[in-house]
Amino acid sequence: QLQLQESGPGLVKPSETLSLTCTVSGGSISTSLYYWGWIRQPPGKGLEWIGSSHYTRFTFHDPSLKGRVTISLDTSKNQFPLKLSSVTAADTAVYYCARQVKGTLYFDYWGKGILVTVSS
Amino acid sequence: QSVLTQPPSVSAAPGQKVTISCSGSSSNIGNNYVSWYQQLPGTAPRLLIYDNDKRPSEIADRFSGSKSGTSATLGITGLQTGDEADYYCGTWDSTLSAVVFGGGTKLTVL
Numbered sequence: 001q002l003q004l005q006e007s008g009p010g011l012v013k014p015s016e017t018l019s020l021t022c023t024v025s026g027g028s029i030s031t032s033l034y035y036w037g038w039i040r041q042p043p044g045k046g047l048e049w050i051g052s053s054h055y056t057r058f059t060f061h062d063p064s065l066k067g068r069v070t071i072s073l074d075t076s077k078n079q080f081p082l083k084l085s086s087v088t089a090a091d092t093a094v095y096y097c098a099r100q101v102k103g104t105l106y107f108d109y110w111g112k113g114i115l116v117t118v119s120s
Numbered sequence: 121q122s123v124l125t126q127p128p129s130v131s132a133a134p135g136q137k138v139t140i141s142c143s144g145s146s147s148n149i150g151n152n153y154v155s156w157y158q159q160l161p162g163t164a165p166r167l168l169i170y171d172n173d174k175r176p177s178e179i180a181d182r183f184s185g186s187k188s189g190t191s192a193t194l195g196i197t198g199l200q201t202g203d204e205a206d207y208y209c210g211t212w213d214s215t216l217s218a219v220v221f222g223g224g225t226k227l228t229v230l
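If you read the protein sequences in the order shown, they are chains A and B.
Just so you know, the numbering used here puts 52 at position 52 of the first sequence, and the rest follows in order with no gaps.
Take any residue in the second sequence, note its place counting from 1, add 120, and you have its number in the numbering used here.
Just so you know, not all the hints are guaranteed correct.
[Claimed, not checked] Below are the DSBU-like pairs computed for lysine-lysine, each with C-alpha atoms no more than 35 Å apart in a straight line:
{"id": "1", "chain 1": "B", "residue 1": "K226", "chain 2": "A", "residue 2": "K77"}
{"id": "2", "chain 1": "B", "residue 1": "K137", "chain 2": "A", "residue 2": "K77"}
{"id": "3", "chain 1": "B", "residue 1": "K174", "chain 2": "A", "residue 2": "K13"}
{"id": "4", "chain 1": "B", "residue 1": "K137", "chain 2": "B", "residue 2": "K226"}
{"id": "5", "chain 1": "A", "residue 1": "K112", "chain 2": "B", "residue 2": "K226"}
{"id": "6", "chain 1": "B", "residue 1": "K226", "chain 2": "A", "residue 2": "K102"}
Bear in mind the hints are in silico, worked out from the structure with no lab data behind them.
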């Protein structure tokens, strides 16, 4: 059974870089069939897609995040990190990592999520 | 303001049927596949429907999906109290070049 687990600091200061890691077990991220993505959910609000990456290094992300997003794949560790730079209070959210099916782009496996608060 | 429009809430009695709508445009629902997710309180979203109308094997056949034009619908029959959750639709938007979600619908089973 595929499992995804987010990890990282729960508190980040404004203007700094948010760094999270998703560790995948029960399957390899080095597969052509899937992307590996990040989605967030501000407190009391809906889901927001951040971006996704493929083991070929192809990456795509929400244009509204204006280049603040970096998603990479570490195939040696079966992990995919997320970096979000220049954070503000608006970036406070529960961050989920998920597997995304290539082609029709739905998310079939999700991590449990990690709350990240942006505050000084 | 979400690109996809869902009703904020729906409610029905146990054993009844409910439908949740998701309205979009030709740049998203009209030309791309729709998926639906269930988020029980305090938990991560779970895939309910993919490719408009397909169910993962572990999802009960009480859940169904359909799409017509620029709208999609999630149907739930034989409502149970355990179905109380937030439900989200999602798809690709070809104009925005982004995955988009609806604002979510809170289902209450009275």
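How the hints compare with the structure:
1. Taken as a hint, the K226(B) and K77(A) pair is broken in the structure, with Cα atoms around 38 Å apart against an allowance of 35 Å.
2. A distance of roughly 46 Å separates the Cα atoms of K137(B) and K77(A); the hinted pair therefore is violated under the 35 Å criterion.
3. Distance check on the hinted pair: K174(B) and K13(A) sit about 43 Å apart at the alpha-carbon level, beyond 35 Å; violated.
4. Restraint check for K137(B) and K226(B): the C-alpha separation of about 15 Å stays at or below 35 Å, so the hint holds.
5. With a C-alpha separation of about 20 Å, the suggested pairing of K112(A) with K226(B) holds against the 35 Å cut-off.
6. For the proposed pair K226(B) and K102(A), the alpha carbon gap of about 29 Å is at most 35 Å, so the pair holds.
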